[in-house]
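For the record, the sequence lines run as chains A and B. The first sequence maps to residues 1 to 319 in UniProt numbering. The second sequence maps to residues 1 to 313 in UniProt numbering.
Take the hints with a grain of salt, since some may be wrong.
To be verified - Keeping only pairs whose Cα atoms sit at most 30 Å apart, straight-line, the calculated BS3-like set for lysine-lysine is:
(1) Lys310/B / Lys294/A
(2) Lys274/A / Lys229/A
(3) Lys229/A / Lys60/B
(4) Lys37/A / Lys268/B
(5) Lys49/B / Lys145/B
(6) Lys56/B / Lys147/A
(7) Lys313/B / Lys294/A
(8) Lys274/A / Lys145/B
(9) Lys56/B / Lys37/A
(10) Lys310/B / Lys103/B
To be verified - To give an idea of the interface, some chain B residues facing chain A are shown, with a C-beta separation under 10 Å as derived from the structure:
(11) Leu30
(12) Val65
(13) Thr67
(14) Leu86
(15) Arg196
(16) Val197
(17) Lys200
(18) His201
(19) Leu203
(20) Ser207
(21) Cys250
(22) Trp252
(23) Asn256
(24) Phe265
(25) Asp266
Said to hold, decoys possible - Footprint (simulated), chain B over chain A, 3 or more residues, beta carbon under 8 Å:
(26) 187–195
(27) 224–230
Just so you know, these hints were derived from the structure itself, not from any lab. Virtual Cβ for every residue (Gly too), placed ideally from N, Cα, C.
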Amino acid sequence: MQVDEPVRLPRLSRVAVCGGTHGNELSGVYLVREMLKPENRKEDGGPASLLMLLSNPRAVQQCTRYVDTDLNRCFTHATLNGPASEGAPYEIFRARELNNLLGPKGSRAAVDLICDLHNTTANMGLCFIAYSDCDWVCLHIFRHLQKQMPDTPMRFIHFDVSTKESYSLDSIGKHGFAMEIGPQPHGCVKSNIYTAMREGVQHMRDWVSCFNSGCVFEGGPVDVFTMVKNVDYPRDGETRNITAAIHPRLQDRDFCLLRPGEPLFQTFSGETVKYQGDEALYAFFINECAYYEKGIALSLARKRRVTVPSIHVQTDEEE
Amino acid sequence: NNNNTARFDAARRVAIFGGTHGNEMSGVTLVNLWMQNSAEIQRKGLEIKPFITNPKAVEKCVRYVDTDLNRAFTQENLSATGGDELPYEVQRAQEINRMFGPKGSAEAYDVIFDLHNTTSNMGCTLILESSKDAFNLQMMNYIKKAFAPASCLVLLNEHPLLKYSTSRSVAKHPVGMEVGPQPQGVLRSNIFEAMRVILKHALDFISLFNEGMEFPPCTVEVFRVLERMDYPRDANGNIIAMVHPNLQDCDWEPLNPGDPMFQTFDGKTIHYQGSSTVYPTFINEAAYYEKQQAFVTTRRETLAASAISKTTK
Chain A
1 MQVDEPVRLP
11 RLSRVAVCGG
21 THGNELSGVY
31 LVREMLKPEN
41 RKEDGGPASL
51 LMLLSNPRAV
61 QQCTRYVDTD
71 LNRCFTHATL
81 NGPASEGAPY
91 EIFRARELNN
101 LLGPKGSRAA
111 VDLICDLHNT
121 TANMGLCFIA
131 YSDCDWVCLH
141 IFRHLQKQMP
151 DTPMRFIHFD
161 VSTKESYSLD
171 SIGKHGFAME
181 IGPQPHGCVK
191 SNIYTAMREG
201 VQHMRDWVSC
211 FNSGCVFEGG
221 PVDVFTMVKN
231 VDYPRDGETR
241 NITAAIHPRL
251 QDRDFCLLRP
261 GEPLFQTFSG
271 ETVKYQGDEA
281 LYAFFINECA
291 YYEKGIALSL
301 ARKRRVTVPS
311 IHVQTDEEE
Chain B
1 NNNNTARFDA
11 ARRVAIFGGT
21 HGNEMSGVTL
31 VNLWMQNSAE
41 IQRKGLEIKP
51 FITNPKAVEK
61 CVRYVDTDLN
71 RAFTQENLSA
81 TGGDELPYEV
91 QRAQEINRMF
101 GPKGSAEAYD
111 VIFDLHNTTS
121 NMGCTLILES
131 SKDAFNLQMM
141 NYIKKAFAPA
151 SCLVLLNEHP
161 LLKYSTSRSV
171 AKHPVGMEVG
181 PQPQGVLRSN
191 IFEAMRVILK
201 HALDFISLFN
211 EGMEFPPCTV
221 EVFRVLERMD
231 YPRDANGNII
241 AMVHPNLQDC
251 DWEPLNPGDP
261 MFQTFDGKTI
271 HYQGSSTVYP
281 TFINEAAYYE
291 KQQAFVTTRR
301 ETLAASAISK
311 TTK
């Protein structure tokens, strides 16, 4: 039987775990604070340094998503390298600081891996959100967590956005992903959600150690959900206020297959608004609080099976 | 027995408050809906005014701008001078007191329903401020029976230290309506519809009362607020533990001495050390982290309400 050679990838020497990118997504805030405690800063045992930080300390302090503008949209090349100005929103200033610390984005000096911690009010379980569906490092970490945490519903979401247009904190690292866990109200920490995040981060660290010390990770299939489009709420023409809520038959059913003609919204006068698309798609980010202002009631994705190859760290001779 | 029937004037002026906390979306949405089209809430012989109490907070989708409006109706605030210099919510409290009060006077509105949501798994909860208000007790009895088999519980907050000066307190008969769980800033269809239904029953009660129906003596099971429990904190005041997974979402269920109560961030259990069984509620309400409250404890009580009917002229 022919066994393919594992793909060789560079060592992951510098890893960053970021919490509080949105200041009211509290699992990541409390986890980073816990990890920063002196008694918890233990050696991994591998040639990797771990950076832990609160991305948006002012928003964390105020327990709000952001102070001036959403930090997790500030990491495009254009915003990071734009003209410096006195009156710039706090988050733009902070994004540039983070780019200096963890990047610069796109350069050889950037950290090898960023794991950015998030919560959602949507019933999504544990999700990885990444810009690539062929970053084998992220996909292998995901497979590892699936195996180690079989009781936790877990999905891999792919936003097909080019490197030029990528806007979130995790795009600064050579590899990066957001670890998004819900449902949790903003401003609240739920113990089961926090525990899932803590375990997920620990398994990620274990995987990195293992990878760096030369383990071969066998390939295999991963179901990837690729974002296709967002759907907004029905709104009043004048006031722009929403005129319907997510239909009770769709609420909390993230990653169900939404077929044409199925219920989408329920208006305040009790009528059902149906999904009018041509294609059955998978719904997610159903009723995320922070997305009302972005005009998103839910997002829709296609699912496909990606075959992840075996991987192995590049040895010194190969570098 | 006519001697024991409590007489109240017909309740002619009723208000429905939404947006007392600007990010509690069921009330905001219902009141906005009814301000546009009030057909659903109209009842004969009854003036019903839907009203957004904290429009700036609603606009920004935050709980409050300067200070919590639902704690602002103290006598000190209501009589404060300073006009525009006063915190926004204190100015609002004074305005609301002028429109719907004055608090404690004969001119005050008869009933105010104040619509709230909570991140806690409280289901439908009616909040009562006085165990001696027979009109409110009879109303709550009526709502509970009309809503059955679905559950609608009554929380009584008469605790001298823990009770607070609510928006609705300007009325003769203040009624809090709290429905959860719902994250702040989110509108959930099932939560919205439940609030709509209990309000409908409440208005039906007032209508029947005004038409002369006599309500016989009744008993109402309530949960009386005992104590506020804070999160465990370190020497610097930082929270060091979360509501334990065994307690999370278990509002209204018995918490016995020795039961798990909190879980530290590194996984250790902290147990309830009280001397008797209590019934916790407002478990893990997001807005209460800053008020040093992880949950409140209550005890179950049965209150008796006398028969009530409308005064006759």
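Cross-check of the supplied hints:
1. Lys310/B / Lys294/A: 51 Å, violated
2. Lys274/A / Lys229/A: 16 Å, holds
3. Lys229/A / Lys60/B: Given that 30 Å is the threshold and the Cα spacing comes to 27 Å, the pair holds.
4. Lys37/A / Lys268/B: 16 Å, holds
5. Lys49/B / Lys145/B: Given pair lysine 49/B, lysine 145/B holds - Cα atoms ~25 Å apart, limit 30 Å.
6. Lys56/B / Lys147/A: Since the Cα atoms of lysine 56/B and lysine 147/A sit roughly 48 Å apart, the hinted pair is violated (cutoff 30 Å).
7. Lys313/B / Lys294/A: 58 Å, violated
8. Lys274/A / Lys145/B: Cα-Cα ~35 Å, so violated.
9. Lys56/B / Lys37/A: Roughly 40 Å separates the two Cα atoms, so the pair is violated.
10. Lys310/B / Lys103/B: 22 Å, holds
11. Leu30: 8 Å, holds
12. Val65: Hint violated; valine 65/B Cβ to chain A Cβ min 13 Å, cut 10 Å.
13. Thr67: Since the shortest Cβ distance to chain A is 15 Å, the answer is violated.
14. Leu86: 22 Å, violated
15. Arg196: Interface hint status for arginine 196/B: holds (9 Å vs cutoff 10 Å).
16. Val197: 12 Å, violated
17. Lys200: This hint is violated: lysine 200/B lies away from chain A, its Cβ roughly 13 Å from the closest one there, beyond 10 Å.
18. His201: 18 Å, violated
19. Leu203: Since chain A brings no Cβ nearer than about 18 Å to leucine 203/B, farther than 10 Å, the hint is violated.
20. Ser207: 22 Å, violated
21. Cys250: Not OK, violated: cysteine 250/B not within 10 Å of chain A, min 12 Å.
22. Trp252: 18 Å, violated
23. Asn256: 19 Å, violated
24. Phe265: 4 Å, holds
25. Asp266: With Cβ-Cβ at 7 Å, under 10 Å, it holds.
26. 187–195: holds (count 8)
27. 224–230: Our answer is that it is violated, as 0 residues pass the Cβ test (under 8 Å) against chain B, missing three.
When held up to the earlier numbered hints, the structure conflicts with 1, 6, 7, 8, 9, 12, 13, 14, 16, 17, 18, 19, 20, 21, 22, 23, 27 and fits the remainder.
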